[in-house]
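Q: Here is what each chain is made of, one letter per residue.
Protein chains: 2
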Amino acid sequence: MRIIVDAMGGDNAPESAVWGGALAAKEYGEEVLLVGKPEVVANVLKEKGLSDVKGITIMPANDLVDMHDDPATVLRRKPDSSMAVAFKLLKAGEGDALVSAGNTGALLTGATLYGGRIKGIRRGALAPVMPCANGQVMLCDAGANTECTAEMLLQFAFLASLYAEKINGVVKPRVGLVNNGTEDTKGDPLRKEAYALLKKAGDEGRLNFVGNVEGSMVPLGACDVAVCDGFTGNVQLKTIEGVAKFMSKEIKGVFMASVGTKLGYLLCKKGMDDFREVFNQDKIGGAPFLGIAKPVIKAHGSSNEIAVMNAVRQAIAYTKSGMIDAVKENIQYMTVSE
Amino acid sequence: MRIIVDAMGGDNAPESAVWGGALAAKEYGEEVLLVGKPEVVANVLKEKGLSDVKGITIMPANDLVDMHDDPATVLRRKPDSSMAVAFKLLKAGEGDALVSAGNTGALLTGATLYGGRIKGIRRGALAPVMPCANGQVMLCDAGANTECTAEMLLQFAFLASLYAEKINGVVKPRVGLVNNGTEDTKGDPLRKEAYALLKKAGDEGRLNFVGNVEGSMVPLGACDVAVCDGFTGNVQLKTIEGVAKFMSKEIKGVFMASVGTKLGYLLCKKGMDDFREVFNQDKIGGAPFLGIAKPVIKAHGSSNEIAVMNAVRQAIAYTKSGMIDAVKENIQYMTVSE
Numbered sequence: 311m312r313i314i315v316d317a318m319g320g321d322n323a324p325e326s327a328v329w330g331g332a333l334a335a336k337e338y339g340e341e342v343l344l345v346g347k348p349e350v351v352a353n354v355l356k357e358k359g360l361s362d363v364k365g366i367t368i369m370p371a372n373d374l375v376d377m378h379d380d381p382a383t384v385l386r387r388k389p390d391s392s393m394a395v396a397f398k399l400l401k402a403g404e405g406d407a408l409v410s411a412g413n414t415g416a417l418l419t420g421a422t423l424y425g426g427r428i429k430g431i432r433r434g435a436l437a438p439v440m441p442c443a444n445g446q447v448m449l450c451d452a453g454a455n456t457e458c459t460a461e462m463l464l465q466f467a468f469l470a471s472l473y474a475e476k477i478n479g480v481v482k483p484r485v486g487l488v489n490n491g492t493e494d495t496k497g498d499p500l501r502k503e504a505y506a507l508l509k510k511a512g513d514e515g516r517l518n519f520v521g522n523v524e525g526s527m528v529p530l531g532a533c534d535v536a537v538c539d540g541f542t543g544n545v546q547l548k549t550i551e552g553v554a555k556f557m558s559k560e561i562k563g564v565f566m567a568s569v570g571t572k573l574g575y576l577l578c579k580k581g582m583d584d585f586r587e588v589f590n591q592d593k594i595g596g597a598p599f600l601g602i603a604k605p606v607i608k609a610h611g612s613s614n615e616i617a618v619m620n621a622v623r624q625a626i627a628y629t630k631s632g633m634i635d636a637v638k639e640n641i642q643y644m645t646v647s648e
Numbered sequence: 311m312r313i314i315v316d317a318m319g320g321d322n323a324p325e326s327a328v329w330g331g332a333l334a335a336k337e338y339g340e341e342v343l344l345v346g347k348p349e350v351v352a353n354v355l356k357e358k359g360l361s362d363v364k365g366i367t368i369m370p371a372n373d374l375v376d377m378h379d380d381p382a383t384v385l386r387r388k389p390d391s392s393m394a395v396a397f398k399l400l401k402a403g404e405g406d407a408l409v410s411a412g413n414t415g416a417l418l419t420g421a422t423l424y425g426g427r428i429k430g431i432r433r434g435a436l437a438p439v440m441p442c443a444n445g446q447v448m449l450c451d452a453g454a455n456t457e458c459t460a461e462m463l464l465q466f467a468f469l470a471s472l473y474a475e476k477i478n479g480v481v482k483p484r485v486g487l488v489n490n491g492t493e494d495t496k497g498d499p500l501r502k503e504a505y506a507l508l509k510k511a512g513d514e515g516r517l518n519f520v521g522n523v524e525g526s527m528v529p530l531g532a533c534d535v536a537v538c539d540g541f542t543g544n545v546q547l548k549t550i551e552g553v554a555k556f557m558s559k560e561i562k563g564v565f566m567a568s569v570g571t572k573l574g575y576l577l578c579k580k581g582m583d584d585f586r587e588v589f590n591q592d593k594i595g596g597a598p599f600l601g602i603a604k605p606v607i608k609a610h611g612s613s614n615e616i617a618v619m620n621a622v623r624q625a626i627a628y629t630k631s632g633m634i635d636a637v638k639e640n641i642q643y644m645t646v647s648e
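Each protein sequence line maps, in turn, to chains A and B. Our numbering puts the first residue of the first sequence at 311, with every later residue one more than the last. Our numbering puts the first residue of the second sequence at 311, with every later residue one more than the last.
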């Protein structure tokens, strides 16, 4: 297996992307293609003492996509950017999956253009995993599609449920529809229509649909997959991140207040380390773009080398999982006849 | 001034509603009308030793609205419920403002039917205040209107900004539009249209519009007023509550792990108490329904007596503030000509 890594994508590229990609090659024993400026990539490998790791190939790309580039056009405008070259390698079958910490919009455009949507799937969706009470929850869609139809929400439910099952090992993932109340009748027309589709899929035993979930129920662990349109999903994802950051800072302030509280911290250090670990996104790695015919993983923009390494691990698991074939086999249940 | 309190509304009614209403009468020296079953209300007053507080009047209502009643019809179906009687008193001018911890939907229906919308205002909006980094943020609309127009979002911005200024004492409240990115061009058609209206109001100096805010920026304190449609606002509000609950529980688990960590907790107790106080909704009291011609405050369903007392405090401040007149005076700037 060969995983393509965009060596120039992300806030900490090229260092984190190259370093993390090389660590992954060493750790997991699969081939890694590092796409970027050859001398830059080679230098990072040398600095980190990873030049001799087996299975690493540097693929030249002399330009890069940055966060200010227009997502819709940049891959055409910058055909020699690391992301564009990475996608062309994916399309040509030179690699099995693609990992990038770069511009999210450009990556989604590329995933659709070069990876291609699975036949019958209307749109690709971003599906990050977040910590919640007693485990993790996958949000889908968390930002790829600002406007959605009920059929798209049904597809997001199937895609994320199959991913949670086949890659994350969740048995019968509980699928919830993010809504403004739990009653069957809640929500705007989109939610009401999606509820009916999800209910039917649940009744037929194709999804483990647990009904509507309120915003609070997602962090409190009421479902394994939280289905929403990409606008709401983006707001919810970032609200979770923001509250976690705000509270973590407040708690740090409590511990740093005096000599006494610092001693208090030392007494709780192990537990606090575990607590921080719950919210450590690095160990997750990245968010898959679901519905695309080849595995594409979006690593967080601020990924360090551990996050990139884990994103490659995720890409390997995704490639091995047979999840994309499972989507193809079930596509008739995700399609609404008109 | 006379504040009408729905003595039978909320999870902890009648105890908390009666107790809190009576404490408010005692504390703030304004008249309080307690609407409910006379013997039940009198009993609670007696139990709490508050029967002799000056300014308390019991107004009889022998039925009650519960959480399962249909919000749209219950006030007509149950004309002798405490909430229906409270609204009739408000409409008749027997009281200046109304406080209830009861069924939110029924309260909004009643506010519109009996309180009446301010002329030119399209819809009433729920505007709770949440803790955030360095202060508090008012979310508007947080759930009253599942579907919104851009004009409604403009009105929510004005209403919440005027409230934040006149009741909460925020100088030039920073108004942000909750969106899926900070760039001017972000969002669905509703957000793009609302952005243009808010930008214009900002440029004219009528609002302190700070632009689009992502979900994370709300808890991190980027604005004093976060404007959104009621669907997204409800999801965001509840997500904040859910993450706060989840994290608080995790931290409690850290402190309760062993004798050593319990000692650690004692060393940090003052700071942790202050931290909890930041997230203590009881001291806020309730969320105003904005855009209504008379002050209506929704206390949290799980309000204790302190929360109800503070909701009455808020109702008094709202009544005194001249905020509703300020809305009337500025209504032409909140109206989009067709």
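Worth flagging that the hints you see were computed from the coordinates, not collected in a lab. Careful, some of the hints might be misleading.
One copy or two, it doesn't matter: identical chains are merged, so the pair holds either way.
[Stated by the list, open to error] Below, in silico cross-link-like pairs of lysine-lysine (DSS-like), each with a Cα-Cα straight-line distance of 25 angstroms or less:
1) Lys630 to Lys579
2) Lys476 to Lys502
3) Lys559 to Lys509
4) Lys496 to Lys388
5) Lys429 to Lys580
6) Lys580 to Lys336
7) Lys496 to Lys555
Q: Next step is simple, just say for each hint if it's right about the structure.
A: How the hints compare with the structure:
1. For the identical chains of this complex, Lys630 and Lys579 are neighbours neither inside a copy (38 angstroms) nor across copies (50 angstroms), given an alpha-carbon limit of 25 angstroms.
2. For the homomeric pair Lys476 and Lys502, neither the shortest alpha-carbon distance inside one copy (29 angstroms) nor that between copies (39 angstroms) is at most 25 angstroms.
3. When the C-alpha separation of Lys559 and Lys509 is checked against a cutoff of 25 angstroms, the pair qualifies neither within a copy, at 41 angstroms, nor between copies, at 32 angstroms.
4. Taking the closest pair of Cα atoms, Lys496 and Lys388 come within 25 angstroms of each other only across two copies (23 angstroms); inside a single copy the shortest separation is 46 angstroms, beyond that limit.
5. Within a single copy, Lys429 and Lys580 get their C-alpha atoms no closer than 49 angstroms, and across copies no closer than 59 angstroms, so neither meets the 25 angstroms cut-off.
6. For the homomeric pair Lys580 and Lys336, neither the shortest alpha-carbon distance inside one copy (30 angstroms) nor that between copies (48 angstroms) is at most 25 angstroms.
7. Within a single copy, Lys496 and Lys555 get their C-alpha atoms only as close as 31 angstroms, which misses the 25 angstroms cut-off; across copies the closest is 24 angstroms, which meets it.
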